[in-house]
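Construct the entire structure; sequences and hints are all you get.
Number of protein chains: 2
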Amino acid sequence: MESDYGLPRDLSHLQLARSLYKPELPPCLQGTTVRVEFGDATTALDTAGANAISQSFPHTYGQPLAHFLRATSNVPDAQIISDHPAIRVGLVFCGRQSPGGHNVVWGLHEALKIHNPQSTLLGFLGGSEGLFAQRTLQITDDVLATYKNQGGYDLLGRTKDQIRSGDQVNAAMAACNTLKLDGLVIVGGVTSNTDAAYLAEKFHQSQCPTKVVGVPVTLNGDLKNQFVEANVGFDTVCKVGSQLISNLCTDAFSAEKYYYFVRLMGQKASHVALECSLQSHPNMVILAEEVVASKLTIFDITKQICDAVQARAEKEKYHGVILLPEGLIESIPEVNALLQEIHRFLRLGISVDKISSRLSPWASALFQFFPPFIREELLLNPESGESAQLSQIETEKLLAVLVEAEMSKRLKEGTYKGKKFTPICHFMGYQARGSLPSKFDCDYAYVLGHICYHMLSAGLNGYMATVTNLKESLEHWRCGAAPITVSLALK
Amino acid sequence: MESDYGLPRDLSHLQLARSLYKPELPPCLQGTTVRVEFGDATTALDTAGANAISQSFPHTYGQPLAHFLRATSNVPDAQIISDHPAIRVGLVFCGRQSPGGHNVVWGLHEALKIHNPQSTLLGFLGGSEGLFAQRTLQITDDVLATYKNQGGYDLLGRTKDQIRSGDQVNAAMAACNTLKLDGLVIVGGVTSNTDAAYLAEKFHQSQCPTKVVGVPVTLNGDLKNQFVEANVGFDTVCKVGSQLISNLCTDAFSAEKYYYFVRLMGQKASHVALECSLQSHPNMVILAEEVVASKLTIFDITKQICDAVQARAEKEKYHGVILLPEGLIESIPEVNALLQEIHRFLRLGISVDKISSRLSPWASALFQFFPPFIREELLLNPESGESAQLSQIETEKLLAVLVEAEMSKRLKEGTYKGKKFTPICHFMGYQARGSLPSKFDCDYAYVLGHICYHMLSAGLNGYMATVTNLKESLEHWRCGAAPITVSLALK
Numbered sequence: 001m002e003s004d005y006g007l008p009r010d011l012s013h014l015q016l017a018r019s020l021y022k023p024e025l026p027p028c029l030q031g032t033t034v035r036v037e038f039g040d041a042t043t044a045l046d047t048a049g050a051n052a053i054s055q056s057f058p059h060t061y062g063q064p065l066a067h068f069l070r071a072t073s074n075v076p077d078a079q080i081i082s083d084h085p086a087i088r089v090g091l092v093f094c095g096r097q098s099p100g101g102h103n104v105v106w107g108l109h110e111a112l113k114i115h116n117p118q119s120t121l122l123g124f125l126g127g128s129e130g131l132f133a134q135r136t137l138q139i140t141d142d143v144l145a146t147y148k149n150q151g152g153y154d155l156l157g158r159t160k161d162q163i164r165s166g167d168q169v170n171a172a173m174a175a176c177n178t179l180k181l182d183g184l185v186i187v188g189g190v191t192s193n194t195d196a197a198y199l200a201e202k203f204h205q206s207q208c209p210t211k212v213v214g215v216p217v218t219l220n221g222d223l224k225n226q227f228v229e230a231n232v233g234f235d236t237v238c239k240v241g242s243q244l245i246s247n248l249c250t251d252a253f254s255a256e257k258y259y260y261f262v263r264l265m266g267q268k269a270s271h272v273a274l275e276c277s278l279q280s281h282p283n284m285v286i287l288a289e290e291v292v293a294s295k296l297t298i299f300d301i302t303k304q305i306c307d308a309v310q311a312r313a314e315k316e317k318y319h320g321v322i323l324l325p326e327g328l329i330e331s332i333p334e335v336n337a338l339l340q341e342i343h344r345f346l347r348l349g350i351s352v353d354k355i356s357s358r359l360s361p362w363a364s365a366l367f368q369f370f371p372p373f374i375r376e377e378l379l380l381n382p383e384s385g386e387s388a389q390l391s392q393i394e395t396e397k398l399l400a401v402l403v404e405a406e407m408s409k410r411l412k413e414g415t416y417k418g419k420k421f422t423p424i425c426h427f428m429g430y431q432a433r434g435s436l437p438s439k440f441d442c443d444y445a446y447v448l449g450h451i452c453y454h455m456l457s458a459g460l461n462g463y464m465a466t467v468t469n470l471k472e473s474l475e476h477w478r479c480g481a482a483p484i485t486v487s488l489a490l491k
Numbered sequence: 001m002e003s004d005y006g007l008p009r010d011l012s013h014l015q016l017a018r019s020l021y022k023p024e025l026p027p028c029l030q031g032t033t034v035r036v037e038f039g040d041a042t043t044a045l046d047t048a049g050a051n052a053i054s055q056s057f058p059h060t061y062g063q064p065l066a067h068f069l070r071a072t073s074n075v076p077d078a079q080i081i082s083d084h085p086a087i088r089v090g091l092v093f094c095g096r097q098s099p100g101g102h103n104v105v106w107g108l109h110e111a112l113k114i115h116n117p118q119s120t121l122l123g124f125l126g127g128s129e130g131l132f133a134q135r136t137l138q139i140t141d142d143v144l145a146t147y148k149n150q151g152g153y154d155l156l157g158r159t160k161d162q163i164r165s166g167d168q169v170n171a172a173m174a175a176c177n178t179l180k181l182d183g184l185v186i187v188g189g190v191t192s193n194t195d196a197a198y199l200a201e202k203f204h205q206s207q208c209p210t211k212v213v214g215v216p217v218t219l220n221g222d223l224k225n226q227f228v229e230a231n232v233g234f235d236t237v238c239k240v241g242s243q244l245i246s247n248l249c250t251d252a253f254s255a256e257k258y259y260y261f262v263r264l265m266g267q268k269a270s271h272v273a274l275e276c277s278l279q280s281h282p283n284m285v286i287l288a289e290e291v292v293a294s295k296l297t298i299f300d301i302t303k304q305i306c307d308a309v310q311a312r313a314e315k316e317k318y319h320g321v322i323l324l325p326e327g328l329i330e331s332i333p334e335v336n337a338l339l340q341e342i343h344r345f346l347r348l349g350i351s352v353d354k355i356s357s358r359l360s361p362w363a364s365a366l367f368q369f370f371p372p373f374i375r376e377e378l379l380l381n382p383e384s385g386e387s388a389q390l391s392q393i394e395t396e397k398l399l400a401v402l403v404e405a406e407m408s409k410r411l412k413e414g415t416y417k418g419k420k421f422t423p424i425c426h427f428m429g430y431q432a433r434g435s436l437p438s439k440f441d442c443d444y445a446y447v448l449g450h451i452c453y454h455m456l457s458a459g460l461n462g463y464m465a466t467v468t469n470l471k472e473s474l475e476h477w478r479c480g481a482a483p484i485t486v487s488l489a490l491k
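Protein chains in written order, with the UniProt record's numbering: chain H, 1 to 491; chain X, 1 to 491.
Derived from the structure by calculation, the hints contain no laboratory data.
Accuracy of the hints is not assured; some may be wrong.
[Claimed, not checked] Okay, derived cross-link-like pairs now, DMTMM-like style, lysine to aspartate or glutamate, Cα gap no bigger than 20 Å in a straight line:
(1) H/K419 <-> H/E406
(2) H/K419 <-> X/D161
(3) H/K317 <-> X/E129
(4) H/K397 <-> X/E377
(5) X/K397 <-> H/E376
(6) H/K420 <-> X/E383
(7) X/K317 <-> H/D161
(8) X/K257 <-> H/D161
(9) X/K419 <-> H/E383
(10) H/K397 <-> H/E413
(11) X/K471 <-> X/D83
(12) X/K317 <-> H/E129
(13) H/K317 <-> X/D4
(14) X/K420 <-> H/E404
(15) H/K420 <-> X/E377
(16) H/K315 <-> H/E290
(17) H/K22 <-> H/D142
(18) X/K268 <-> X/D4
(19) X/K439 <-> X/E475
(20) H/K317 <-> H/E406
(21) X/K239 <-> H/D10
(22) X/K315 <-> H/E129
(23) H/K419 <-> X/D4
(24) X/K317 <-> H/D4
(25) H/K257 <-> X/D161
(26) H/K180 <-> H/D142
(27) H/K417 <-> H/E275
(28) X/K113 <-> X/D83
(29) H/K160 <-> X/E316
(30) H/K397 <-> H/D307
In structure tokens, the structure reads:
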């Protein structure tokens, strides 16, 4: 498998034009005299969990914020890192691919070479599997040439799993030791940056000299707080998604006979669905967070949609676009309870065909009420985290079927007098995820890659690269690093 | 319903920028001295059906090709249409919306106004329904302002039905008479242009003075022959589709665990699937025409895919992208026979739940073999033509399920030794259909709109607007009109 990654390849005209674009650096990162300045010590933003977090991360909790600044003449020479020893760095793509990921590699490679051409950047092939197996690709200008500003993670491939178990942590540490890495860069979202925090703590405890740093790259956009303003990939995915949803809005109004049910990515957080709604103005959006807050049942949600369809029919409108995040299904209280039961049985190794007969009476009734296709999907093994396989559960189709049944019932009872309700279902996950990154994501990821170098050069461990002031133009971006522990929310 | 169409509306920045673009005209259509020149009389390209066609269209069959040329000084004055009486024209969008349709309206409106500001263009609201009910919107610069170079058919809405029955033809004729139309422009694909040919013949027979002309606008791209080089919308839909498929290719390789099954639009013709394959290089494409030619069964197709999956697994590749057209299901001989039986029972008014018990033994066995979701979809009423509701039949999912079952069987039997096969299904229909038109489609549709004026001005009836030499730059485009009967293939 690994032999295919990182190969030079033919680019399309569009890809070629993109590969020629070179992002700029904010002034604070220009040149080779960038200095680090430390701020106040940090605590976890999750104040309720702060105690647990500080106990889990005794060596890496409470570290100060770091800021990267351009050395000016009135800064004492001692503070300027004027000597740049060659360092060896490994990088691994973790979790779902996110547009822009390749530019983190590019930015880091550039920064390493600018400061010392003898430095080495190794990419792990196939994500965590490649890390554990020490399968690497040395990053060079030639290797990078056809991956600059391109989508996907196909330069290196990506992990399918966490880096959390004892065996996994030991394998990662063995790799870092064997390869004599000064730094390990983990590119990923909430789960992967949490992994990075654990690795950093564990490496420190085990006196492994490799420093571990994280980069916030996740199209879900859910790794956000006062230090992490945005995640690489979110901008692209929302723009691509909004464009396609806008196409559907135009299409729905032109044909005047369909309701489109569109499921978008987003597990715990409905950020993608919300942002796409703001950009494309669909007729309705159902946010998982609102469902949780209001404890809406599947019947409540069905009724809300039916009432909206009916109100539109009264205005002679028989079309619409309804958005929902893939995480919606887990946010519905009674479905969540059912999933918990199923997952418990799956973990006990009970075979799929036996589970339905062992459900509690209440969960069983709900399960039997569902159409066969959704039953099959609810019985899928959960993902490596505790989540259901949300990309495989067709929640949009479930709602479409329930709404269709309810509208038929209303029609029969005479409470609805309009035309037949016709749904069409779409899942917009993978098309957007593999798309070419937006200019913002190209720039942002490239700058984060540079910051990785400065973090490792400053000896930071258990930190995440951050850029703030992102709403301003690039020359005003502020570059720094925050201990990953500030962002953690342990369960 | 109609009150919503054609309203001025807020445009996004992108839409606004697009609305400011104005296509150019090829030299032959510039100015107000365009002349028509007639070529040889035509016959039907479908030579086997020529006799039947000539009998069905006694008055409009065999008319000569028309060419529109710019008058030059050595052309006798008499041949130049120097006087341009005001005319009244109606336009109706028929069939599936296709990117670029709005520019036909724009081009026609511009040509009318240039030649005589007193001319009138009426758009029928809601397609054929609006034609029959004489619901119109007068096209003005203000009305058009926010629809130039935009996708969809939401300026006017579109037909959901054919214009073929006696009642429908009479209603259309009544509308043309009441509204005193000199011309009726039908914008659509194969079915709608066939309707236009019938209307033209019927109007002539009934001494209705309205001339009927057609414009080849269909994203399926299947209204093609030596006179009709391209259809408005096909270029856009293939570009948008190819982009999304390319994203999936990148995504599949990055994640290295999924096979994507992608269903594209295209009923009788697999042109969209073929063109998208040429542009995006998926791992496999299944073309309906090849299935028909080789009489492949559903089991043959399943086996072909499985063999490809297995061959890739032997090279440690566990990902791929497989394209298929929505029309594939009807091209499989035994499924086609089953659909014929189902449609016959549906036409006889037999209720859906009784049909499966009345199928022939052979069709029944196939029907029972299919998973429940596909059975339900096969039982849907056919579209207004004789086709099944192809947009609703999840052929990609059927194949994914069959391949998954076969790969599991091979795994159990030990003939396949690779990892688990995991399919993900996509239908890329509506996202592309509603998208913003490509520059080519903007230009081409606008020019066709201008040609409509010249066709009506020359008194042509039963003709379709044509542009040839489209591969060259716009200044070399040749503009003309061909009798619709040359393109017909009667069944």
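Right, here's what the structure says about each hint:
1. With a C-alpha separation of about 14 Å, the suggested pair H/K419 and H/E406 falls inside the 20 Å cut-off, and the hint holds.
2. Distance restraint check for H/K419 and X/D161: the Cα-Cα separation of roughly 16 Å lies within the 20 Å cut-off, and the hinted pair is therefore satisfied.
3. A hinted pair counts as satisfied when its Cα atoms are at most 20 Å apart, and H/K317 with X/E129 qualifies at roughly 15 Å.
4. Taking the CA atoms of H/K397 and X/E377, the gap is near 14 Å; set against the 20 Å cutoff, the hint holds.
5. With a C-alpha separation of about 14 Å, the suggested pair X/K397 and H/E376 falls inside the 20 Å cut-off, and the hint holds.
6. Taking the CA atoms of H/K420 and X/E383, the gap is about 15 Å. The hint holds against a cut of 20 Å.
7. With a C-alpha separation of about 19 Å, the suggested pair X/K317 and H/D161 falls inside the 20 Å cut-off, and the hint holds.
8. Under the criterion of a C-alpha separation no larger than 20 Å, the hint pairing X/K257 with H/D161 is consistent with the structure, at around 12 Å.
9. For the hint pairing X/K419 with H/E383, the CA-to-CA distance comes to about 17 Å; that is within 20 Å, so the pair holds.
10. The straight-line distance between the Cα atoms of H/K397 and H/E413 is roughly 24 Å, outside the 20 Å bound, and the hint therefore fails.
11. Between the alpha carbons of X/K471 and X/D83 the distance comes to roughly 34 Å, so the proposed pair goes past 20 Å and is violated.
12. Taking the CA atoms of X/K317 and H/E129, the gap is about 16 Å. The hint holds against a cut of 20 Å.
13. Under the criterion of a C-alpha separation no larger than 20 Å, the hint pairing H/K317 with X/D4 is consistent with the structure, at around 9 Å.
14. In summary, the hint linking X/K420 to H/E404 is not supported, as the alpha carbons are separated by about 35 Å, beyond the 20 Å threshold.
15. A C-alpha spacing of about 17 Å is found between H/K420 and X/E377, which places the hinted pair at or below 20 Å, so the restraint holds.
16. Simply put, H/K315 and H/E290 have alpha-carbon atoms about 27 Å apart, too far for the 20 Å limit, and the pair is violated.
17. Between H/K22 and H/D142, the direct Cα distance comes to roughly 16 Å. Compliance with the 20 Å bound is thereby established for this hinted pair.
18. Between X/K268 and X/D4 the alpha-carbon distance is near 34 Å, which puts this suggested pair outside the 20 Å criterion.
19. Under the criterion of a C-alpha separation no larger than 20 Å, the hint pairing X/K439 with X/E475 is consistent with the structure, at around 15 Å.
20. Between the alpha carbons of H/K317 and H/E406 the distance comes to roughly 18 Å, so the proposed pair stays at or under 20 Å and holds.
21. Restraint check: the Cα-Cα separation between X/K239 and H/D10 comes to about 19 Å, which is no more than 20 Å; the hinted pair holds.
22. Between X/K315 and H/E129 the alpha-carbon distance is near 18 Å, which keeps this suggested pair within the 20 Å criterion.
23. A threshold of 20 Å between alpha carbons decides the hint, and for H/K419 with X/D4 the separation of about 18 Å falls inside it, so the pair holds.
24. Of the supplied pair hints, the one linking X/K317 and H/D4 holds, its CA atoms being roughly 9 Å apart against a limit of 20 Å.
25. Taking the CA atoms of H/K257 and X/D161, the gap is about 12 Å. The hint holds against a cut of 20 Å.
26. Proposed proximity of H/K180 and H/D142 is contradicted: the alpha carbons are some 24 Å apart, above 20 Å.
27. For the hint pairing H/K417 with H/E275, the CA-to-CA distance comes to about 34 Å; that exceeds 20 Å, so the pair is violated.
28. Straight-line distance between C-alpha atoms of X/K113 and X/D83 comes to about 14 Å, which keeps the hinted pair within the 20 Å bound.
29. For the hint pairing H/K160 with X/E316, the CA-to-CA distance comes to about 16 Å; that is within 20 Å, so the pair holds.
30. Proximity of H/K397 to H/D307 is assessed by CA-CA distance (about 18 Å); at most 20 Å being required, the pair is judged to hold.
Comparing the model with each numbered hint stated earlier shows that hints 10, 11, 14, 16, 18, 26, 27 do not hold.
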